[in-house]
Amino acid sequence: MGGVELLVREGVVGPLAEWREYLPMGGNAKMVEETLKLAYGEDSNLIKDKRIAAVQALSGTGACRLFADFQKRFCPDSQIYIPVPTWANIFGFLTLDFNSHHNIWRDAQVPQKTFHYYHPESRGLDFPSLMDDTKNAPNGSFFLLHACAHNPTGVDPSEEQWREISYQFKVKGHFAFFDMAYQGFASGDPERDAKSIRIFLEDGHLIGCAQSYAKNMGLYGQRVGCLSVVCEDDKQAVSVKSQLQQLARPMYSNPPLHGAHIVSTILGDPDLKKLWLREVKVVLDQLFSFLDFVLLVKEDCAVQ
Amino acid sequence: MASNTMLSLASTSASPLLSLQDTLKTKLKLTSSNHTSFLGKGKSVPFTNTKTFGRITMAVAVKVSRFESITMAPPDPILGVSEAFRADTNEMKLNLGVGAYRTEELQPYVLNVVKKAENLMLERGENKEYLPIEGLAAFNKVTAELLFGADNPVIQQQRVATVQGLSGTGSLRLAAALIERYFPGAKVLISSPTWGNHKNIFNDAGVPWSEYRYYGPKTVGLDFDGMISDIKAAPEGSFVLLHGRAHNPTGIDPTPEQWEIIADVIQEKNLIPFFDVAYQGFASGSLDADASSVRLFAARGMELLVAQSYSKNLGLYAERIGAINVICSTAEAATRVKSQLKRLARPMYSNPPIHGARIVANVVGDPL
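Just so you know, the protein sequences line up as chains A and B, in that order.
Mapping of the first sequence onto UniProt numbering: position 100 corresponds to residue 100, and the numbering continues sequentially without gaps.
Mapping of the second sequence onto UniProt numbering: position 290 corresponds to residue 290, and the numbering continues sequentially without gaps.
Worth flagging that the hints you see were computed from the coordinates, not collected in a lab.
Among the hints, erroneous ones may be present.
[Claimed, not checked] Simulated restraints, written as ranges between beta carbons of each label pair:
(1) T89(B) / D269(A): 25 to 31 Å
(2) F183(B) / G154(A): 38 to 44 Å
(3) K274(A) / L122(B): 23 to 29 Å
(4) G154(A) / T335(B): 34 to 40 Å
(5) N45(A) / A150(B): 57 to 63 Å
(6) F282(B) / L287(A): 45 to 51 Å
(7) E104(B) / Q112(A): 51 to 57 Å
[As the list claims (entries may be wrong)] DSS-like cross-link-like pairs, simulated, lysine-lysine; straight-line CA separation at most 25 Å:
(8) K48(A) / K30(A)
(9) K215(A) / K342(B)
(10) K50(A) / K37(A)
(11) K48(A) / K195(A)
(12) K187(B) / K72(A)
(13) K113(A) / K172(A)
(14) K135(A) / K195(A)
(15) K215(A) / K195(A)
(16) K72(A) / K199(B)
(17) K50(A) / K273(A)
(18) K72(A) / K342(B)
(19) K93(B) / K116(B)
We put the beta carbon where it would ideally sit given N, CA and C, even for glycine.
Whenever a hint applies, use it, and build me the whole structure from the sequences.
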């Protein structure tokens with residue numbers, strides 16, 4: 001991302017002595033604060049009331065793994081419902097072991113079930129089956145939902161469908177864990193891409209959320225992300241955060257600072273944040289142009 | 001132990017399989033008993049939410065959190081001190097807790113060579129794409145060579161499986177996960193005392209551990225007889241966690257002669273040495289001298305594990321850069337071990353952070 005490199009050259013972000021030492025176990029607090037605003041809303045009452053337990057995590061994978069370990073520790077009898085299909089790790093193609101969400105909860109020793117999602121015949125959402133699975137799951141089950149830009153299908157529920165899913169979740173007392181790896185990249189508008197989460201929050205769900213800057217800030221190899229868990233009140237949020245840190249300590253002690261510093265600098269500065277949002281749109285437009293081109297070529301080939 | 005307390009608390013928390021109503025009842029029951037509850041006594045069921053969905057209007061109470069019985073974890077003995085230090089307003093305060101080298105002005109110290117390396121990296125304009133699961137190849141090469149020496153037979157024969165890890169902690173955790181999966185039931189012997197996080201790592205990885213005597217309070221030195229005796233008594237196939245140099249927290253290391261005897265015992269008893277090398281270069285000032293214990297074991301043809309950290313010796317603390325090395329008897333075994341270390345890393349964080357690895361590769365890989 002050109003803007004970020006400019007930052008570094010200008011000396012806005014760079015080798016700064018005070019940033020070299022260990023981050024607190026919860027990570028870069030500024031980065032976490034800005035990241036929560038993206039998911040929960042700039043003016044979110046949950047943030048104001050300090051009801052969200054949140055820690056910096058090792059990108060989306062690390063956030064999911066931390067949550068899976070947390071789920072195992074505090075709800076040891078629970079299992080996780082994962083959509084079919086779901087994120088498959090490209091590295092796994094080499095070892096034919098690529099169902100990453102499955103691998104994460106498996107290594108955390110949380111049993112897994114699946115729920116219907118994709119309808120291959122229509123290349124769309126299998127909404128009736130999804131709702132059936134939601135209703136048939138035992139009350140209080142944990143579900144993994146892709147907040148936007150479902151990986152790998154790209155098929156998302158409509159706003160109305162999300163509302164119905166949220167309602168059914170309330171009836172059943174299910175726990176919604178959102179994996180949001182593409183905020184900004186689904187529609188070009190991060191607020192719009194967070195709509196599913198906002199719907200659940202409006203309905204009073206206490207959700208969990210994994211966020212990643214791998215794609216939408218191009219920080220892939222820096223491993224920057226965030227895990228958040230909405231709690232009943234600020235006291236509980238403090239406790240839950242301490243337990244998340246307790247899980248992270250024997251895994252990696254504290255998260256890496258470099259990428260988080262870039263994120264907090266960008267999101268903490270209104271001009272830089274605007275620049276980022278513009279660049280996200282540019283990337284998305286380029287992606288769509290490329291897709292159009294591919295489709296054009298495909299049609300050409302079909303005609304010939 | 002904190003983790004036992006947590007687990008017992010977790011077992012008393014409301015089961016997720018209860019219906020919403022049952023969950024509320026349980027929550028109220030917990031509140032009215034003396035059981036610790038963060039909702040406090042007498043607090044009413046929080047807010048109800050009325051929502052209209054098409055033709056249906058339903059008053060639905062906000063779901064009770066299933067994590068409500070979660071208590072506050074104790075502050076970390078080491079990192080918690082830093083947090084308390086930051087909060088303290090006394091001008092005369094001094095933080096002797098966390099292992100971070102500071103200047104006379106109590107400021108963090110970034111090595112000049114690190115700044116040079118970062119400027120070099122900036123000029124090159126390197127990208128930020130994913131590393132492979134095992135980390136930066138250039139880093140893995142130089143880190144193993146730093147440990148053993150580039151002309152060491154274990155390197156020449158490609159018998160070292162090296163995977164970049166999240167500093168010492170992350171590297172130890174990968175090794176612990178490997179032990180749990182491929183040596184089920186095997187235990188790790190750790191020194192008494194040892195670095196505070198060692199026990200947490202093995203606990204969370206599900207690896208049993210026991211202690212061997214190390215520090216002798218009467219002599220304020222090494223209790224060598226106690227150490228040897230306890231290692232001899234370990235079951236065959238146990239792992240023995242050794243500090244390569246600059247034992248944390250005592251600073252007391254075996255002499256070269258004592259290392260030979262330790263190696264003898266480990267070989268005789270068919271145990272597996274497991275080194276934690278967090279201070280290479282900081283004990284004596286010589287990178288090679290500080291690696292002598294590890295090289296001694298490797299020279300005997302033993303298979304061993306070595307976790308490395310660049311937090312202290314390159315001042316890269318927060319970049320989280322380290323490595324796990326498994327020295328195997330054959331190159332083929334090393335390839336297989338590396339592949340399994342990758343399988344363990346991927347569902348933890350997919351691939352390790354790039355920045356610190358690049359710094360180390362540039363610094364250690366450049367003869368200047």
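For each hint, the structure was consulted:
no.: 1; hint: T89(B) / D269(A): 25 to 31 Å; in the structure: holds, 29 Å
no.: 2; hint: F183(B) / G154(A): 38 to 44 Å; in the structure: holds, 43 Å
no.: 3; hint: K274(A) / L122(B): 23 to 29 Å; in the structure: holds, 24 Å
no.: 4; hint: G154(A) / T335(B): 34 to 40 Å; in the structure: holds, 37 Å
no.: 5; hint: N45(A) / A150(B): 57 to 63 Å; in the structure: holds, 59 Å
no.: 6; hint: F282(B) / L287(A): 45 to 51 Å; in the structure: holds, 48 Å
no.: 7; hint: E104(B) / Q112(A): 51 to 57 Å; in the structure: holds, 55 Å
no.: 8; hint: K48(A) / K30(A); in the structure: holds, 15 Å
no.: 9; hint: K215(A) / K342(B); in the structure: holds, 22 Å
no.: 10; hint: K50(A) / K37(A); in the structure: holds, 12 Å
no.: 11; hint: K48(A) / K195(A); in the structure: holds, 20 Å
no.: 12; hint: K187(B) / K72(A); in the structure: holds, 23 Å
no.: 13; hint: K113(A) / K172(A); in the structure: holds, 17 Å
no.: 14; hint: K135(A) / K195(A); in the structure: holds, 23 Å
no.: 15; hint: K215(A) / K195(A); in the structure: holds, 19 Å
no.: 16; hint: K72(A) / K199(B); in the structure: holds, 20 Å
no.: 17; hint: K50(A) / K273(A); in the structure: holds, 23 Å
no.: 18; hint: K72(A) / K342(B); in the structure: holds, 23 Å
no.: 19; hint: K93(B) / K116(B); in the structure: violated, 32 Å
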